[in-house]
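Enquirer: With chain C held as given, fit chains W and A onto it using these hints.
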Amino acid sequence: MRYIGKSIKRKEDPAFLTGNATYINDISLPGMLYAGFVRSPYAHARIIKVNTEQAEADSRIVAIITGEEAASKTQPMPVYTYMVAKSVEKPIRHCLATDRVRYVGEAVAVIAATDMYSAADVIDSVKVEYEPLEVLIDPEKALEPGAIKLHDNLDSNVGMVITREGGDVVGAFKEADFVLKKRFSIHRHMGSPIETRGIIADYNKWSQELTVWCSTQIPHILGAHLADTLQIPQQNIHVIAPFVGGGFGHKLQFAPEYVAVCLLAMKIGRPVKWIEDRSESLKAWVHAREQISEIEVAVKNDGTLLGAKVKLITNGGGYLDDRVSGPTIGAAIWAVGPYKMKGFRADMKVVLTNKCPYGAYRGFGVQMGVLTIERCVDLIAHRLGMDPMDVRRKNLVTPDMLPHRNVIGMCFDSGNYPKALEMALEKAGYQQLREEQRRLRKQGRYIGIGLTIAVEAGGWNTYTAPMAVPFVRTLDFANLTLKMDISTGVILSIGDSSVGTGHHTTAAQVIAEELAIDIDKVKVIEGDTAISLYDSGTRASRFSGVVLPAAKLGAINLKEKIKKLGAFLLGASVEDVEYTGDKVIWMSEAGEQSISLKDIAHAAYAEIARLPVGMEAGLESRGSFVAPNIDTVGVTWPYMVHLAVVEVDVDTGFIKFLRYIVVDDCGTVVNPAIVESQIIGATAMCIGGSIYEELVYDEDGQLLTGSFVDYLVPTALEIPSIEVYHMETPAPQIPGGFKGMGEAPNVYAYGAIINAVADAIEHLGVEVTAMPLSPPNILKLLRGVRKKG
Amino acid sequence: MMKRTIRLTVNGKQYVEEVEPRMLLVHLLRERLGLKGTHIGCEDTICGACTILMNGNAIKSCTILALRADGANITTIEGVAAEGKLHPVQEAFWEEHALECGYCTPGMVISAIQLLKRNPNPTEDDVRHGLEGNLCRCTGYQNIVKAVLSAAKKLNKRTKSD
Amino acid sequence: MIPAAFDYMDPTNLSEVIDILKERGNDAKLMAGGMSLLPLLKLRFVEPKIIVDLWKVPGLSYIKDMGQYLAIGAMTTHYEIEASELIKAKCPILIEAAKVIGSPQVRNLGTIGGNLVHADPAADYPPVLVALGKGTSVKVQGPSGERTIPLEKFFVGVFETQLNPNEVLTEIQVPVQKKKTGYAYLKMSRRGSDPGIVNVAIIARQSGSGVLEDMSVILGSVTNTPVHAYKTEELLRGKRIDAINLDEAVEMAADGLEPTSTVQADAQYRLDVTPVRVKQALISSFSLMIH
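Residue numbers (the working numbering), protein chains in the order written: chain C, 185 to 973; chain W, 3 to 164; chain A, 10 to 300.
Honestly, the hints are just simulated from the structure, not real lab data. If you're wondering where the values come from, they're calculated on a predicted model, not measured in any experiment. Every residue, glycine too, gets a C-beta built ideally from N, C-alpha and C. A portion of the hints provided could be inaccurate.
[To be verified] Derived DSS-like pairs: lysine-lysine, alpha-carbon spacing no greater than 30 Å straight-line:
1. W:K87 <-> C:K707
2. C:K840 <-> W:K148
3. A:K31 <-> C:K840
4. C:K484 <-> C:K358
5. C:K667 <-> C:K748
[Stated by the list, open to error] Here are a few chain A residues that face chain W, going by a calculated C-beta distance under 10 Å:
6. M10
7. F15
8. K51
9. K108
10. P184
In isolation and in its complexed conformation, chain C is listed as follows:
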């Protein structure tokens, strides 16, 4: 292999390294105006009046749109579910608040100002009169009878109810020797990419064309949503995603702000730019992770996990974000783990409260599922006097069982989960660590070992069609185009976005490998709906498992065409020729004859009369991959083991990482360095989420951690060295054997860290069930039981 499996230096990097890559805030258009949002200072209030008199008199303001106008000109914001939902109540939401605000920072009006500095100055000239209402921030309180209802058209504050059951749950619990019942919670935090949201909208009133530049992961879906919401024909909407400075799922959001900015552009007929401030971002973008999971695990005394029941609550915030069902489902059903359970049931609810709406964040709730079952495994092991690793060994799905449809409908494809577990334990020196732990405990030092093992989904078979209707099963797919030009350079055009995960390099590696050409001859372009086929975007870890196979197939198609034309031009039949990358060779009776790729390309574009009848001119192909038609969540199933060794300082509550080990198998790896960087970065993100980052609200629904001073994204000092070891089991159902892995590394660390901390201190008489594992929280746990002296 010339390129597959090689850590090629990324093609994107020289532009990034020299400050020559274009992000949304780098784009300026003639006549461009700057948008600013008037946002609610209250978490819950009625809007009595929006007074724009002073604002309208200000020459720095070119246009204002309030909720009333927005509601009259747009459809409500969409909501979808990822699986069959028992009921999907739809709180009505327009892009600007109309009669009520339901979270601090909710947009009430938008203005377009002449320049960036004036936009900041004039926001306060829109005067809004509010009548504050009672604030609900706790989802369990929001469920109590008599709690103030956030939406009049709903029966309660339940926004969504989803149920999923598989196998024999009753039987599993009947057979159990005991039932472990636990409650876990993860706190609210978010992805916070270093680049906030941004959009530029430009509307041509006469051609009725809307052009949108947006830091989005989903250019095509964004266009479709805008078409629906703004009631513009979709073919008139052109969406361009420049380089995205980090997405992490947040830039999947179909933001109300995007609609509002487009409305401004349509009203004024001039380009309007909005770049989000960090404080807006922390308050009013999408929040994530805040969930409560109550689990019951049916267990036999020999450590067999028979089944489980999960009750999952997502604190959905003031409205249903269009993707909130995904993490709700992920958090619940992933509590099956990579284990051979007989029965499983999940009852999931999205509860509405006066917090920022809860949306997509890398990992999509799966981290809660992993944490839940893996924490239970450790607890079950303790109860039975077994080593937690033995409980895992006993219950893991084994290679001979693969492909395996588990009790909740996940169809694991390939791999060796027990081997990955053993590798992690071996690399860690597990037995020595246990001895070290015993030795240090005698000295009053507390180290802990925590492990999580899980099978993740790479590519999701849900919500991929442009306007996915609930209750219809769909499959993930990717279509893309390849073009070899007359000089034999190749362009691959994909309708997803560049968010930093090395698509331009990885896809070029696949194309170059397949076509046996130099990688410098391959260019990958992304992000532009006008020059790409529909693609559901950079999301759901689908690039490697769904888009790359399409690219590979597209390259194969192109190669076939080159061979076919080359053969025809040589006078040979296509079965008799060989393609070597720079020529097509025919071992004829008269000896070797060949035609260069350059000559083939020239013929294809400039000597059409020499082409066989019926053959298209040019050298273009299409690549298309559809996920296997299996009723299951994921397209491919990467898996990892994370093992954390920590020391807990019981006097200060600080956690120190002694080691952090990852064993990863994401199928055939195209660029190992890119994969490894993803794994380390995702793990770092989870360390941040487990210990440092917290979106804290007070009783009035005010966000107390509303700046980067208080919202603690970790620096280089907080992140330990992470050791990554690889296994590689190609995915049999995927051309190329690739498995998606963008999110996978983001779901293990929470569980590994909580298990490690629990392993360090639970023997002191505490129970570790809640995140964040911040120093004050750990000290709170220990306060009750610490002995003096």
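Expert: Okay, now just chains W and A, sitting in the frame of chain C:
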């Protein structure tokens, strides 16, 4: 609010600009001078995406008035690669896969350049401390640290052979 | 992100600064490094009509050896202090504070004068300067001339000092640390060099007979201003190091204090952690004393 005229050198080129007092240096660089490589990631002086060199010191250009650049010698990321050839720090970042989305990268490179100028033989701990003012959300810092240590070797080799 | 509009003046001498403050003091804010002021301006937490920038006033940036003490100009940056061979030799505890302020970028611009005048309860210099004891003072200049304020009286409350509205802090005077002084500055942050939650500054000296005579244990960021851990100091003073029960000495470190609660750490956390950090700081300072 009186505007003032300032004179500054950026990446070796001299500029004369009229600015209002509240204009932040990062906006002068980006919007007025068209140097978009310096990025904005927060308004709290925490993320460091806006880091540039002013009179040889790495500073956060979002937290300084443009007026303070009067008479200053500024290097932004666009001025780091000399004559179209990558600086050893940039080379090392590329080789060690020390970037993903690239948004924090200009600030990181500038901070790394200052770090290595002040401490040509840093330990890993020194590097992590030196990059404390630059947040990255994508890479988890590991390859960035590797890149800075690699750049140190490159620069030391270069000095030795001079 | 964008400050409200303001008028700007950058006078070229100190008396001009004082004149402006005398006339327009209520509308004006002084700017030194800008590391505390600009973030407030950008979030529009403050909206002064005038910014009076000190950067062109000569003679405010220096580190001088005055024999018994060091004189540090108010506009000296944290990095200049961090890198000063003179301070390293004569008052090294100051470097322990300077090197953990903010981030490398912030230290290039932030000034010691600005840091002291801002009087953030979590600031790093204040506990260190209080620990250095009598002989630490600040020089300020105002309409009625120059005066010297002993440092231990300087910090009055949250963002509040003894500086009058029309005065400018010009110099900080720190005593030279005597030979074999034990010292430590231990900062505890949730992340990196963020504003500390519990900061401890120690200055300790033994007499010829090995008994602790000078003993300053100063807590920063525990309450509104830096405070002495009086009970701990009492229990340590006059004792030989080898005769000290450290756990007993630090147990009462936070006694009588009403710690603040912040979103980073609640009051109870500060109470719990103060003795631990004081113990660590004492061990660190004693080790310097012995060696």
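Enquirer: When the structure is checked against the list of hints, which entries are broken? Sort them ascending.
Expert: Hints 3, 10 are the ones this structure does not satisfy, whereas the remaining hints hold.
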